[in-house]
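Turn these sequences into a full structure, and let the hints steer you where they fit.
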Amino acid sequence: MGVGRSYCVALVGLNGYIVEVEADIGQTLPNFVILGLPDAALNEAKERIRSAAQNSGIPLSRRKITANLIPASLPKRGSGFDLAITMAVLRAADDIQSIGGTVFIAELGLDGRLRPVRGILPAVMASVQAGYPDIVVAEANAAEAALVPGANVRGYKTLARLAFDFGADPKDLALDYDPPGEDVPDEADTATLAPDLCDVSGQGEARRALEVAAAGGHHMLLTGPPGAGKTMLAERLPGLLPDLADTAAMEVTAIHSLAAVQSSAVRLLRRPPFENPHHSATAAAIIGGGSGLPRPGAASRAHRGVLFLDEAPEYERRVLDALRQPLESGELVIHRSAGTAAYPARFQLILAANPCPCGKAAGKGTECTCTAMMRRRYFGRISGPLLDRVDIQLHVERVSLADFGNSGREEDTATVAGRVLAARLRQFQRLRTFGLETNSQVPGRTLRGQLRLPPGTTRILDTALERGTLTARGYDRVLRLAWTLADLGRSDSPDIDHIGQALGLRQAAAAT
Amino acid sequence: MRAKDLLGRNGEALAADFLENQGMRIVDRNWRCADGEIDIVALEGDTLVVAEVKTRRSLDYGHPFEAVGAAKLARLHRLASSWCRAHQLNAPRRRVDVVSVIDSGVGHPQLEHLRGVV
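Each protein sequence line maps, in turn, to chains V and S.
Using my numbering, the first residue of the first sequence is number 110, and each one after it goes up by one.
Using my numbering, the first residue of the second sequence is number 20, and each one after it goes up by one.
Please note that a few of the clues may not be correct.
Unchecked claim - Incomplete in silico selection of chain S near chain V, CB under 7 Å: (1) His82; (2) Phe84; (3) Val87; (4) Asp122; (5) Val136.
To be verified - Calculated pairs, BS3-like style, for lysine-lysine (alpha carbon to alpha carbon, straight line, at most 30 Å): (6) S/Lys91 - V/Lys280; (7) V/Lys155 - V/Lys173; (8) S/Lys91 - V/Lys173; (9) S/Lys91 - V/Lys155.
By construction, these hints were calculated from the structure, which means they are not laboratory data.
Here a beta-carbon is modelled for each residue, glycine too, at the ideal position from N, C-alpha and C.
Written as structure tokens, this is what we have:
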């Protein structure tokens, strides 16, 4: 008897901290106390642990059990500490042999089975980084935990089997108990759902703009009357984006592991995510938040993918403006009472808007009932500083009858994605020396410095700048788009044609 | 006498023997007042020991120690004062012990003793 010790991980946002669990068995009347800022779910662990241990055939000591979670000042949440506390208590009672530096992350069922918890990927990452590579998780979490390089993961179904492997007396252990496994979603589930670009009839200009946005990672604003296909187009953008590289895939999987209510990731998420929040969403829903420790919002769930805001002017202005910080830094830092959490949020922003509140100002706009004031107010909600960061601003018209009849002969997603990938590779080769990946990230200084174009090519831009029809910031954005167009056209650098096309992608929406 | 009372009686007798073997001097048994009953009052040196004995046949309904809750413990401390007052005795050193007896009827009963429970 004496003190038992085991290890677990407490998550604060995506950052995990090793928590040492020590358990003491006191020579007094039976009781169970958990110290170290446990939340309600963690305090209920006492009852889960008692029942689970009893039903596994390795009952807890009938004395006063004190479990202390160190550091005591760090708030600890959730049910993931169940197993670590159990192992520390069993060790204190000498029911099992030495635990060493093993980290235990799992919830216990009353019958003694190990249940999966969310956020296992970031927890295991933190554990390995902190120098604790030996990790025990529930079997349903094992595949996700094993995604972390350098982790020595063992998955168990029941407490009895785990206790047996740690040297418990097998006499009374419920080793035969075999609870049914958790359902593992099929890979095909997600792959077949992505909509294909060949469903979009006509809209040649918009399709082209979408391709450019995908190739260069440019933010995009689509305006147009209802039914023009803005939403359809935006939904097809993730399909055009290339698969995520290892580090990006790890980040995305970690966020979704934390945000998911139950299901455990079986493999890394390789496809860029797509988030499509409703326009009634609050700032906390988009940015992340919630009581206690903040959870990731839609912007973070769209990390390395696409954040699509349909009916953008209908969003609250402060929600839209809150996106300026992640657009700039690629990260969201949220402060709440229980602590500060930083979530990555490097997403591609797609905004869609009607031309006016009634939506009928398309074409000649004769049916539109909106006053000029109403229209200005409508677009005024999307603030200037936000629009400044949107490279492509495109007006989408209703599809014509001729194009509609021709449907079925459009390019599909795979074809366009091939060109996008080729363009991305060209960018990667060129921008590697600057530590960048896509044209949309290139700062103006570099565009006008190392990547300077000959004066003959940029003449129309220089003239426009001189006349005042183009701002300095707009100048840079046209250059970025021109580079992407050149990459798509397999040219080494943009020519006059690319510049002209880029200007077109910028100014198409300027009329409204 | 009913079986459960007999079991308790036997347990208390066993506990008293056990405590005497530990070097305590039994001074009172089953002392009652309006507030409740003390199973055993003993002296260990100059310390007054109020002992509560819990007897069970098996662990099917939990360990005997688990039946001693916070309310019962508080009452035992109160009873210790009452006993001193009733016997006009001043015992500056007092403590409450709990003895559990598990008597399955087969072989020797198992006794456990917790000292100075608060």
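| Is the hint on S/Asp122 kept, meaning its closest Cβ partner in chain V is under 7 Å away? | 17 Å, violated
| query | Is S/Lys91 within 30 Å of V/Lys173, Cα to Cα? | reply | Judged against 30 Å, a Cα distance of about 17 Å means the pair holds.
| request: Decide if the proposed pair is consistent with the structure: V/Lys155 and V/Lys173, CA atoms, cutoff 30 Å inclusive. | output: It holds: about 12 Å lies between the C-alpha atoms, which stays within 30 Å.
| Would the hint on S/Val87 stand, with a C-beta cut-off of 7 Å toward chain V? | At about 6 Å, which falls below the 7 Å cut-off, the nearest Cβ of chain V leaves the hint on S/Val87 intact, so it holds.
| said: Take the shortest C-beta to C-beta distance between S/Val136 and chain V; is it under 7 Å? | reply: 6 Å, holds
| query | Taking the least C-beta to C-beta distance, is S/Phe84 closer than 7 Å to chain V? | reply | Hint on S/Phe84: holds, closest Cβ of chain V at ~5 Å, below 7 Å.
| said: Between the alpha carbons of S/Lys91 and V/Lys155, is the straight-line distance 30 Å or under? | reply: 22 Å, holds
| chain V contact restraint for S/His82 - C-beta distance below 7 Å | Cβ of S/His82 sits 4 Å from chain V, so the hint holds.
| request: Decide if the proposed pair is consistent with the structure: S/Lys91 and V/Lys280, CA atoms, cutoff 30 Å inclusive. | output: Violated: S/Lys91 and V/Lys280 sit about 36 Å apart, past 30 Å.
The structure shown violates the earlier hints numbered 4 and 6.
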